[in-house]
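S.K.: If you want the building blocks of each chain, they are given just below.
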Amino acid sequence: MSSAVLQNGTRIRATTESVAVLVCLLALWWLASHLQWVSKVFLPTPEATLESLVQGLSTGELAGFTWDTVVRMLLGWLLASAIGTALGALIGASATARTWIAPTLEFLRPLPASAVMPLAISLFGLSGGMVLSVVAFGAMWPVLLATVHGLASVHVRLREVATALQLSRTAFVFKIGLPNALPDILAGMRLSMTVSLIVAVVGEMIASQSGLGQAILLAARSFRASELFAGIVLLGAIGFVSNALLALLEHQFLKWQRTG
Amino acid sequence: MRTWPTLLRPWVFPLLLLALLEAAARWLVPGSDALAPPSQALQAFGKALSASGDESVLQATAFTLSSAALGLLLGAALGVTLGLVLGLSRRAAAMGFLSIEVLRPVPSVALIPLAMLVFGFGYRMEISVVAFATFWPLLILTQAAARQVEPQLLEVAHALGLSAWARTTQIVLPAMVPRLFIALRLGVSFALVVAVTVEIAANPSGMGYAMMIAQQSLAPDLMLAWLAWIGLVGFAINALTLRLQRAIAHRMGEPHTGVAP
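Protein sequence lines correspond, in order, to chains A and B. The working numbering puts the first sequence at residues 17 to 276. The working numbering puts the second sequence at residues 190 to 450.
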């Protein structure tokens with residue numbers, strides 16, 4: 017019992033110290049901006065940032081931009097997840113397709129998603145659909161490769177079971193392959209959410225689509241540092257919340273694996 | 190022994206895709222502003238190779254690669270140092286936990302406008318964004334690598350009465366080398382992607398910008414040539430770092446089998 021109390025004490029101390037470090041960082045920001053260690057043009061005070069944030073959110077302008085970026089990110093991510101899983105299942109289900117197509121996928125994977133943007137601009141113009149298509153394309157890779165990997169790594173025993181049960185290829189994919197690939201796919205979907213946010217922001221900057229990406233670029237161009245920082249804070253919050261939600265979802269979805 | 194057919198197999202699918210693109214661009218949409226046949230892209234690339242100034246392939250490639258490398262160097266130096274501290278001391282890790290969780294989710298591209306405001310266009314803004322982007326994965330992976338150093342090694346260091354500095358440089362760091370190179374390889378691919386992204390979004394230099402300009406001047410052949418070139422450079426560098434990492438893992442012993450004496 018005393019060890020439990022001790023452990024509890026350590027945890028409380030760790031949390032306090034953790035919060036203290038964050039407060040120290042904020043204090044450093046406050047000092048650096050108030051004492052003009054860094055020019056006010058680049059570094060607004062924390063109060064000014066908070067004021068821009070509150071004002072922007074209450075007048076609805078910043079809230080609208082945030083909403084636009086979140087919708088773009090989520091739509092692109094959903095598209096990427098659906099297309100990635102479908103293509104991955106198609107390629108991964110057949111050993112022949114894997115040997116012929118997988119090397120090409122390995123070649124395409126390191127290509128920066130944003131490098132496809134000029135091509136997408138010339139195909140679709142400077143539109144919201146163009147940005148969405150690049151978000152979906154860029155975010156598709158982690159899911160696609162994870163699905164191919166998950167289907168390829170089905171245990172030999174399970175393959176034998178499928179043959180013994182005379183499962184068709186479609187039945188094999190849906191009943192054995194995809195459930196087996198689920199942990200890989202969920203991990204891929206988490207990575208692809210991060211990619212979605214990044215590509216959505218880049219797309220808004222280039223194609224001047226309404227959203228936080230465009231907002232922070234305009235704020236920087238007109239030297240409104242506090243608005244720029246407010247936008248960066250909001251983007252960080254979007255990244256934080258979406259990642260936390262997905263981690264929770266992953267935990268829920270994979271419960272059967274740990275208990276079973 | 191690999192035979193010729195198996196060596197050639199990876200090339201069949203991409204060549205098929207290229208042939209399809211060639212046919213589509215030649216006969217479906219001839220003279221299009223958006224697409225060009227790969228054969229014309231190759232010609233445009235040949236012309237750009239011999240060009241000088243902003244259009245020069247070598248100059249643009251050198252700009253992107255050097256900013257990516259310098260940014261990675263900065264991000265890795267900071268990330269590995271802090272990661273080492275957080276990995277060796279549980280207390281430090283607990284103290285930094287909240288700040289890291291709050292700052293890490295900020296997408297690196299969100300810093301492009303800020304870097305623009307502070308540094309203007311050029312090397313410094315690109316390097317700073319690349320450094321920010323590579324700092325986090327290197328921090329997290331170094332921290333994990335330092336934690337996975339075998340406890341026996343630390344006991345030996347303790348028994349030998351080594352100082353904290355000697356323990357770190359003579360025992361911990363050498364034991365971490367294979368894992369550090371895995372982290373560094375990830376950092377290299379991150380740095381390249383971020384550098385090209387910065388050039389496409391804002392910075393008027395390098396391969397990404399050259400591609401944007403080709404698109405804006407309605408030269409789809411040159412644009413596709415740049416796209417292929419960016420892909421090739423990325424692939425070659427990733428393949429090279431993978432080789433290096435494997436060679437080092439081989440020399441030092443695989444990370445999961447422990448550490449070579």
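Simulated from the structure, these hints should not be mistaken for laboratory data. Note that beta-carbon positions come from the ideal geometry of N, C-alpha and C, so glycine has one too. Among the hints, erroneous ones may be present.
What the hints assert, rightly or not - Residues from chain B shown here face chain A by an in silico Cβ test under 10 Å; the list is partial:
#1 S297
#2 I389
#3 P393
S.K.: Each hint: holds or not?
M.R.: Now for the hints, and whether the structure bears them out:
1. S297: Where the cut-off is 10 Å and the nearest Cβ of chain A is about 7 Å from S297 of chain B, the hint holds.
2. I389: holds, 5 Å
3. P393: violated, 13 Å
The structure fails hint 3 only (numbered hints given earlier).
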